[in-house]
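> Protein chains in written order, with our numbering: chain H, 1 to 233; chain Y, 1 to 233.
Take every hint as true, because none was put in to throw you off.
If several chains are the same, the list does not tell them apart, and a pair holds so long as it fits within one copy or across any two.
Below, in silico cross-link-like pairs of lysine-lysine (PhoX-like), each with a Cα-Cα straight-line distance of 25 Å or less:
| id | residue 1 | residue 2 |
| --- | --- | --- |
| 1 | Lys69 | Lys39 |
| 2 | Lys101 | Lys69 |
| 3 | Lys39 | Lys162 |
Derived from the structure by calculation, the hints contain no laboratory data.
2 protein chains.
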Amino acid sequence: MQALYNLLAEKFRLTFDDTELLETAFTHTSYANEHRLLKISHNERLEFLGDAVLQLVISEYLFALYPSKPEGDLSKMRSMIVREESLAGFSRDCGFDQFIKLGKGEEKSGGRNRDTILGDLFEAFLGALLLDKGVEAVREFIQQVMIPKVEAGQFEQVIDYKTRLQELLQIHGDVLISYEVTSESGPAHAKEFEVQVTVNGKVIGEGRGRSKKAAEQEAAKKAVENKVDPSCI
Amino acid sequence: MQALYNLLAEKFRLTFDDTELLETAFTHTSYANEHRLLKISHNERLEFLGDAVLQLVISEYLFALYPSKPEGDLSKMRSMIVREESLAGFSRDCGFDQFIKLGKGEEKSGGRNRDTILGDLFEAFLGALLLDKGVEAVREFIQQVMIPKVEAGQFEQVIDYKTRLQELLQIHGDVLISYEVTSESGPAHAKEFEVQVTVNGKVIGEGRGRSKKAAEQEAAKKAVENKVDPSCI
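The shape of chain H in the complex, shown without the other chains (with noise of 0.2 Å):
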């Protein structure tokens, strides 16, 4: 495991005073079912901590990011970030896939890549963090390696930006905030949308898209993207 240890201080700064807890994380059931006799815990428990530490960070996190979402917006956000694949591809990003000990069918079947292991490897990480050096610890991590990739929109569902445009724009009271198609083009079945979003009459981002939402979508995050002070319109 020592090469684990070398990438979690290397890349994250991380060194786990409980190393017991670390090897843990990064042990399939389908490891510790193949060598029972040395009683091997598995990963399970700690990613039920995980999961539930995952939860509370994105849920703190998308509270803070969208003072005037809903309850079940957010809650929709927040599952697809902490969605299986979503999380799989965390561990990818880490590297944690290559040192996750499985047993030896399940390397032979491609477990090693299958999102189920390694989305339930993340939050068994995540568990293990929070027990090794609490919730905070967890929370930097998350901001280290998740909320960048969120913040690029790689969830585009997740940000959206008509409404994080709006919420920008609203800290210094009410503002009218429009979306008018200025071009329509291309045949039914590969139309494109060009939009102008407009704030009290001035233009502020321009998008096109292959529906006219899409094209909403992308002009208000050019918007928000030019950084519009809110207290010169």
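With chain H's structure known, arrange chain Y on it following the hints.
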């Protein structure tokens, strides 16, 4: 809201820095909808956050209490504790039901005693507490308000005393725990069982119950309460 502040200060030694958060936690959607023009916040978003922190704290608690229970059992126990009816009960225990602000219709139809509303209120309160004081304060509050009821067996299914006993006794290695029915009496519709639990041949607890299973749980509970020293058996 002064009465609520007093209650929190006296009963739980809690003073909120951000009392607006606390007011939001105690505002039901029906009240906010009735006063739409005032743009009052209601407690659904805080409930979203409170649900997440509650899940985490209860997960941590169960994880530590049962060092060898599989994840599936822990999940089941957690869901017993955090289900709506349980949380509504905690709201009532805390006296929170008298402070929730409801719309007129909701009040008339008995909303003040409705489990959904009171369960959500409890979660919203935990969400407000998390934002105002951090996760450690939530842990302390749950420890003070919820855990004693859990440990007193209010959630009979939560404390599995047979497992608990096994875990206590196995600290120093494997032991042989066995349960034996010593008496079975009464007519078919009202049987009573008596069970003895022995460890390495020594009786350490006795219990009665309407079923063999209930009597075993009772015997295990007695044994746990007897605080058998695992190094002496």
